[in-house]
Amino acid sequence: MPDDERGPFLARSLQHLQENIRRSGPAAAAGYTLIGAIILLGGIGYAVDAWRGTSPWFLLLGLLVGLIVGFYELAKTVWHR
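If you use numbering that gives the first Met the number 0, the sequence shown corresponds to residues 0 to 80, in order.
Rather than coming from a laboratory, the hints here were simulated on the basis of the structure.
Check the hints yourself; a few may be wrong.
Pairwise CB distance ranges (calculated) [unchecked claim]:
{"no.": "1", "residue 1": "I43", "residue 2": "L9", "range": "46 to 56 Å"}
{"no.": "2", "residue 1": "H79", "residue 2": "I38", "range": "39 to 49 Å"}
{"no.": "3", "residue 1": "H15", "residue 2": "H79", "range": "20 to 30 Å"}
{"no.": "4", "residue 1": "G35", "residue 2": "P55", "range": "13 to 23 Å"}
{"no.": "5", "residue 1": "V47", "residue 2": "E18", "range": "41 to 51 Å"}
{"no.": "6", "residue 1": "L39", "residue 2": "G6", "range": "41 to 51 Å"}
{"no.": "7", "residue 1": "Q17", "residue 2": "I67", "range": "27 to 37 Å"}
{"no.": "8", "residue 1": "W50", "residue 2": "G24", "range": "17 to 27 Å"}
{"no.": "9", "residue 1": "P55", "residue 2": "F8", "range": "21 to 31 Å"}
{"no.": "10", "residue 1": "L39", "residue 2": "R11", "range": "40 to 50 Å"}
{"no.": "11", "residue 1": "L9", "residue 2": "W50", "range": "51 to 61 Å"}
Being a predicted model, the structure only gives us computed values, none of them experimental.
Using N, Cα and C, we set each Cβ at its ideal position, and we do this for glycine too.
All chains, please: the whole structure from these sequences, using the hints.
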């Protein structure tokens, strides 16, 4: 490819890459929110179980609430359009 054609080609390629990254940002954030909610609320449930000696009930409750919160945030992102 000649040097004079490579400049516009690289500029267009970079522009398309930036657009794709910008569009994928909300989906990535929703995925991280889903995982984070499950881990955080499951961890809180585990800690409460360890403190109260009620294993595994608060852990299961924390995981369930984490799933609900995570999927709610995922649904908000998907249906936002």
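These are the hints, each one checked on the structure:
no.: 1; hint: I43 / L9: 46 to 56 Å; verdict: holds, 48 Å
no.: 2; hint: H79 / I38: 39 to 49 Å; verdict: violated, 24 Å
no.: 3; hint: H15 / H79: 20 to 30 Å; verdict: holds, 23 Å
no.: 4; hint: G35 / P55: 13 to 23 Å; verdict: holds, 21 Å
no.: 5; hint: V47 / E18: 41 to 51 Å; verdict: holds, 45 Å
no.: 6; hint: L39 / G6: 41 to 51 Å; verdict: holds, 47 Å
no.: 7; hint: Q17 / I67: 27 to 37 Å; verdict: holds, 35 Å
no.: 8; hint: W50 / G24: 17 to 27 Å; verdict: violated, 38 Å
no.: 9; hint: P55 / F8: 21 to 31 Å; verdict: violated, 57 Å
no.: 10; hint: L39 / R11: 40 to 50 Å; verdict: holds, 42 Å
no.: 11; hint: L9 / W50: 51 to 61 Å; verdict: holds, 58 Å
Comparing the model with each earlier hint shows violations of hints 2, 8, 9; every other hint is respected.
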